[in-house]
Structure formats: C-alpha cells, structure tokens
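Residue numbers (the UniProt record's numbering), protein chains in the order written: chain A, 1 to 376; chain B, 1 to 376.
Be a bit skeptical, because a hint or two may be false.
Since the list gives no way to pick out one identical chain from another, each pair is judged satisfied if it fits inside one copy or across any two copies.
[Stated by the list, open to error] Okay, derived cross-link-like pairs now, DMTMM-like style, lysine to aspartate or glutamate, Cα gap no bigger than 20 Å in a straight line:
1) K353 <-> D130
2) K328 <-> E344
3) K364 <-> E315
4) K322 <-> E368
5) K322 <-> D162
6) K322 <-> E345
7) K353 <-> E368
8) K335 <-> E315
9) K328 <-> D195
10) K209 <-> E194
11) K253 <-> E194
12) K353 <-> E315
13) K253 <-> E344
14) K354 <-> E115
15) K343 <-> D88
To be clear, the hints were calculated from the coordinates, so they are not data collected in a lab.
There are 2 protein chains.
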Amino acid sequence: MARLVTVAGLALVLGILIGIGAVSLDRATQSPEARAIKEPDNAQNQNAVVEAPGGRITIRMASAAPTSAPQIGTMAVVTVEKLQVASDGNVEIKLFEPNMLAPNAELFDKVSNGEIDAVWSSPNFFAQRDSVLWLFSTVPFGPSASEYLAWLAYGGGQELMDATFSRFNIKPIVCTVLPPESGGWFRREINTVEDLKGLRMRFMGIGAKVISRLGVETVALNGGDTFHALQSGSIDAAEFSLPFVDVRYGFEKAANHYYFPGWHQQSSLITMLVNMKVWDGMSDAQRAMINNVCGDNIRDSLAEGEVQQVQALQEIRQRGVKVHTLPKPIMDALKASWIQVVKEESAANPEFKKVWESFHTFRKSYAEWRGLGYLP
Amino acid sequence: MARLVTVAGLALVLGILIGIGAVSLDRATQSPEARAIKEPDNAQNQNAVVEAPGGRITIRMASAAPTSAPQIGTMAVVTVEKLQVASDGNVEIKLFEPNMLAPNAELFDKVSNGEIDAVWSSPNFFAQRDSVLWLFSTVPFGPSASEYLAWLAYGGGQELMDATFSRFNIKPIVCTVLPPESGGWFRREINTVEDLKGLRMRFMGIGAKVISRLGVETVALNGGDTFHALQSGSIDAAEFSLPFVDVRYGFEKAANHYYFPGWHQQSSLITMLVNMKVWDGMSDAQRAMINNVCGDNIRDSLAEGEVQQVQALQEIRQRGVKVHTLPKPIMDALKASWIQVVKEESAANPEFKKVWESFHTFRKSYAEWRGLGYLP
Chain A
1 MARLVTVAGL
11 ALVLGILIGI
21 GAVSLDRATQ
31 SPEARAIKEP
41 DNAQNQNAVV
51 EAPGGRITIR
61 MASAAPTSAP
71 QIGTMAVVTV
81 EKLQVASDGN
91 VEIKLFEPNM
101 LAPNAELFDK
111 VSNGEIDAVW
121 SSPNFFAQRD
131 SVLWLFSTVP
141 FGPSASEYLA
151 WLAYGGGQEL
161 MDATFSRFNI
171 KPIVCTVLPP
181 ESGGWFRREI
191 NTVEDLKGLR
201 MRFMGIGAKV
211 ISRLGVETVA
221 LNGGDTFHAL
231 QSGSIDAAEF
241 SLPFVDVRYG
251 FEKAANHYYF
261 PGWHQQSSLI
271 TMLVNMKVWD
281 GMSDAQRAMI
291 NNVCGDNIRD
301 SLAEGEVQQV
311 QALQEIRQRG
321 VKVHTLPKPI
331 MDALKASWIQ
341 VVKEESAANP
351 EFKKVWESFH
361 TFRKSYAEWR
371 GLGYLP
Chain B
1 MARLVTVAGL
11 ALVLGILIGI
21 GAVSLDRATQ
31 SPEARAIKEP
41 DNAQNQNAVV
51 EAPGGRITIR
61 MASAAPTSAP
71 QIGTMAVVTV
81 EKLQVASDGN
91 VEIKLFEPNM
101 LAPNAELFDK
111 VSNGEIDAVW
121 SSPNFFAQRD
131 SVLWLFSTVP
141 FGPSASEYLA
151 WLAYGGGQEL
161 MDATFSRFNI
171 KPIVCTVLPP
181 ESGGWFRREI
191 NTVEDLKGLR
201 MRFMGIGAKV
211 ISRLGVETVA
221 LNGGDTFHAL
231 QSGSIDAAEF
241 SLPFVDVRYG
251 FEKAANHYYF
261 PGWHQQSSLI
271 TMLVNMKVWD
281 GMSDAQRAMI
291 NNVCGDNIRD
301 SLAEGEVQQV
311 QALQEIRQRG
321 VKVHTLPKPI
331 MDALKASWIQ
341 VVKEESAANP
351 EFKKVWESFH
361 TFRKSYAEWR
371 GLGYLP
C-alpha cells in the first residue's frame, strides 16, 4: 500500500541527492512536495512493461534531482501527470526520487544497459563520461532558450545529440529549459579582475574551469554546505542556482552582494534519457505523446522560469541585498578564459570539437538576426 | 474522392485570402504545399462528430491564412498531423483553406455560434470586433515570446484571454508564436523623424495608428499589391512580415533599404479558436492532447522562426539591400506615439484598459530580471 513520506529538504537539491520513493499521481491537485509517494519496493524490480503492441506501457524513470526541486525536479512530476491525462493511462511513468533505483552516479550506465528504463536529468550530470555532454546541457556565454532550441531543431543540434547518446544506447528528449542562473553571491563587492584573485568560491561544472583561470580557487559543495560555508566566511563567494532557488536557501542571509548575469549558465536543458530498446518498443502514438508533452513543458518552463525569477529578485532586494551587474572587464576576462577552455576541451575530445563547431557556426550566423530583430 | 489541387500563391498570404479546400493527412512526408487536398464537399456540412463519450472526434477547422504561408499557415498543418499521430486517429481535424467554409470576415461569428467548430488565426484578424484582441495577438513595443508566454501562463494573461473569448463562446488556445517582423522596406534612407512626414506607407493593424501620428500616410494593401505599389513608387515604404516571408515576395527587388527592428510586432500569437460547446464535449485526454501539441508547436515555431530569419537576412544582404537599424529618435517618437494610442484605446474600451493594465504591470516587474539575467 502506498504511503506518504516527506520529501528531501531543498538543502539537498543539486548537491548530494538522497532517495525518497516513487511519485504517484493520486494527489494531482497538491503541490509537488505533497505528491511524493513511496511505492512498494517490488516496483523497483520491474522493467518497462508493455501489455500489447501499442498497448499500455509502464516506464520506471529515476530522477537525478529531488522532485521538489523547482523546475529541475518539479517538471518531472508535471511530465508524468501530463502523460497520464493525455494518454488516459496508456503511458504510465513511475517516477523515483534520486538514489532510489540506483545511486545517482550509476544512473547513466543503468539506463544505458537497460537496468533502468529512463532517467530525468540534465546531461551535464554525466559530463565526466564525455565532455561533449556539456554542450547539450548548458554552455558558458551560451545561448538563451529560443536560440538553443533553434540550434537543436534546425541547426543540426538534435542530430548530433541523438548520435552522441546513441553511442550509449540512449534516446535523449529535451523536456524542460531553465532560465539563466545568477552570477553568484559575494561577501564583498568586486570591481576589477584583480579583486577575483585568491577568492575561494563555490563553483560547479565547466564554469569552474573558466573562473579558476582568473585566480579564483573553486570548491565543490552541495547546497546546505554552501550556505554555511559562505555565512561563516570559510568561502568568499558562491555561484549556486536560479534566483528563485537561491532565495529558498536563504543565501541573502549569508552574503550581501548578488551579481548578474549568470555567464556560466544562460539556459540549461533538462532531458528525459530513455533506454533505446524501451523507446523503440513504444508505438508511434506513445512516442509522439512524449515528444508533445516535452515540447509543452518547454513552453511551460520558459514561462514559469521567467516569472519565478522576477518574484525572487524583488524578495532579495527587499531583504537589503545589493544587486550588481558584473563589470565589463570581468565579463571580458571570463569570456577570454572560456575560449581557452573550449580550445583545451576541443583538443582533448574530437566529439566535443565537432559539436562545438556546429554550435559556434550556428551562433555566428544567428548573431546578426538577434541584434537586428529584437528591441534593445 | 480526394484530389490534389494547387494551393494559393504566396502573393495572397495575409492579404485577401482565397479558399482551396481541406487538408488531408495522407501525404505526411510531402511539403505543406503539396499536402493540400480537396475533400468532398459534403465534409463542409458536418459539424464536430463525436462517436462516443471520449471516442473519436472529428473537428472542422477553418484557417484564416493559406496553409502554405510560413508558420502562420504551415503550423496549422503541423497541428493536424501531430494530433493525428499522438491520438492514433482519435482526434481528427479537417483543415480548410481560407474562405472555404465561410468568408474570412465571418469566421469569428461562425465559430462563436457553432456553425464552424474551430478557426486557426491570429486574434488580431478579428480586432475590429473588440480592440482588446490586439493585446492577445501582437503588441507594439511588446514582449518577445518567452515574456509573452510568461504573462499568459503566470501573469494572469490566459485567464483574461479566456474571459474575453468566453463572451463570444470561444475557447482560445495559443498554438504558435511568430518571431519579430521587420520594421519595413523603404525606397530611400530615413534618418530623422522629419524624413517620415508625408511618406505613403503600407501598414496594417494597430501599428498603422502609431506611425500615422508621425505624419505617415498609411495604406492597407495585400501582399502582391504591396510589392507592385512599392516597386512602381506609388508607395514609398511598406511594412509587411517576417524577413523569411518578405524575401519570398521578392521585396528586395522593390526597395533597397530594409529597417529593423519591427517595433510594431515583436512576437505574434497564433491561436486555435474552438467553439466552446465543441471544447466542452471533448474528453480530458483529447483536450490535453490539443494543449500538449500546441505547447510543442510553440517550441517548434520559436526554433523554426529564429532559423528562418537568419537565412532570409543572409539572402537579402547578398542581393545588395542595405540593412539598417531605425535611429533612436525615430524609435523614441514611435514609442511616444504608441503610448498615446494606448491612452485612446483604454479610454474607448474598458476591456482594453483592464487587460493593458495587467500586461503593463507584469512587464514593469519583468524588466529588471530581463536586464539583469541575460547576457547583453
């Protein structure tokens, strides 16, 4: 019998993720937090179940982020619900909290070999497997959402993404887009590139490689630890997430200066990664429903993401934090550093080089239109 | 028996629209143009057919634009096809070319009274019925797509839109978003507000009210007539459409100066307008499938729209046209004029005033986030 459990606190979002259970649908009107329900353990031992060709299918999907985490987790719950309604139960996804089906570090291998049907994640969670995965998730000084989507759909990006993941026996479906992150929290104002030198800063992902070239000592910490380290002064600064997430962690109590823009993460793609055999085993209608729901999620997450940040900024300002824009010389130095990182990654990984060239060529031709077509 | 016919030439897109027939799905791999198929005439006399509660439904939808017109028409065909696949035939839309089911001018009344099940259109096509419809389709100096979607989904816009259309017994579903139009073609360079005075310019819609306050004599012409009037010099300038559409009309042969941005139309919403009784008669799954397909269309049209304009600009440049940005004093004068138009429309129509206030309040709070969050 299913029973309610309390979901992971936000302090664990995006950090070290703990497991909770499968998400059921019988609390559709409640908040995502209230809907997390533990399924009987034997659910973990059943792979994708298809009743008949084109018939009802049940898919086990492991989320790499707690389903309570704004957008990166909540949109997984939304996906399950939308599919439930649109398919009238024909496509059922059993959604599992992080580390329930397998430790997060093993999810990629397990969806690849078919032990798990699907994983909900940003590809960058698995970028240690292949650095090219960065380019399919979030890119420093990269595009905002509609340009990213344009590259994927009409600039050759999706074909490259499919080819990359097919090496791992996985079908990737972009299913949510996150808006820009913030540039980070600082205990003191920074005005020059010189001010960055020697700072200890929490920084995750490929952005850490970029900023460390400017003399910043980067450290990897999860959410709760980041807050305490910043508050106590054992670190001087921290990039974390979207303003809406930052404010739920209370970062405005730990530092007084909040910088923009988030040059390291202008938009982030969240994906359903489906084992290829499971994907191929579905009917055309089932695959189409998943594609349509994921496309609709992108509309939804774009809209929701924009609104959430507006509210969060107002809240952060009201609490006395100074909101700054990063000075141009610092932005220029970061950009120059990013170009060096790209050169290194391209030299080290031919796949990275190939995808980067597609991405970069597309962006160059897009730049004129972006500059001309849109109001300043 | 169905037979192939040639669809309307692009010269008629968005101008005076002629009718062709219903669009069938049995040429799914061909171009939208090649897929237009004439259905037997008796199809015109059947309203929405539901076989059983939740069972197969057939909906007759009249497109207000030729289905060959980039995005504004082609996305109607895409919608029909996506629904066909996702529902496995459970939701069938019979799509009719302009003026086939009824003259375009009567579509709004006929979907309102149930003579037609659904209409594919931008709400601005019907703004003579109520000026508030402008605010649900395209707004001078208005938002780009993701901000518009944010207002609709989380800023109260969709509720206002539903309330407005429910007065007409219609359920509106935003189903495609067009990227910015161009600012227009000019036979001579314009450098000052003074240069606009006395120009004869093709200009449609609410933007015409704005620019005419600066001394421009606006004229309403369809596509083919606009091209010839501009080439012959009987008009001095013309706003028309997106660069991708403009170049298919060959406007680069009629004028040498192409101006940006399209201040009058930064993004445009295209909707499925469904008779309320037909909408209410569908099952939850059927309504969900339509919502999901329309959301996915927005992802798709955003991506496609961006790419098409990039290609078109390159083509236009190569043909020797000078591409300009409108000088700031002209943009400032147009914006001041727009504020006057808003005051007049608000005074004349309480509904316009109410929706404008929601829209404007949302945009003010969004402005800080847009300025901070995104790379310059």
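Okay, the hints, checked on the actual structure:
no.	hint	verdict
1	K353 <-> D130	within (12 Å within a copy, 54 Å between copies)
2	K328 <-> E344	neither (25 Å within a copy, 42 Å between copies)
3	K364 <-> E315	between (37 Å within a copy, 16 Å between copies)
4	K322 <-> E368	between (34 Å within a copy, 14 Å between copies)
5	K322 <-> D162	neither (43 Å within a copy, 40 Å between copies)
6	K322 <-> E345	neither (36 Å within a copy, 39 Å between copies)
7	K353 <-> E368	neither (24 Å within a copy, 36 Å between copies)
8	K335 <-> E315	neither (30 Å within a copy, 31 Å between copies)
9	K328 <-> D195	within (14 Å within a copy, 37 Å between copies)
10	K209 <-> E194	within (18 Å within a copy, 53 Å between copies)
11	K253 <-> E194	neither (26 Å within a copy, 54 Å between copies)
12	K353 <-> E315	neither (42 Å within a copy, 29 Å between copies)
13	K253 <-> E344	neither (38 Å within a copy, 47 Å between copies)
14	K354 <-> E115	neither (31 Å within a copy, 55 Å between copies)
15	K343 <-> D88	neither (49 Å within a copy, 48 Å between copies)
Hint compliance for this structure: hints 2, 5, 6, 7, 8, 11, 12, 13, 14, 15 are broken, all remaining hints hold.
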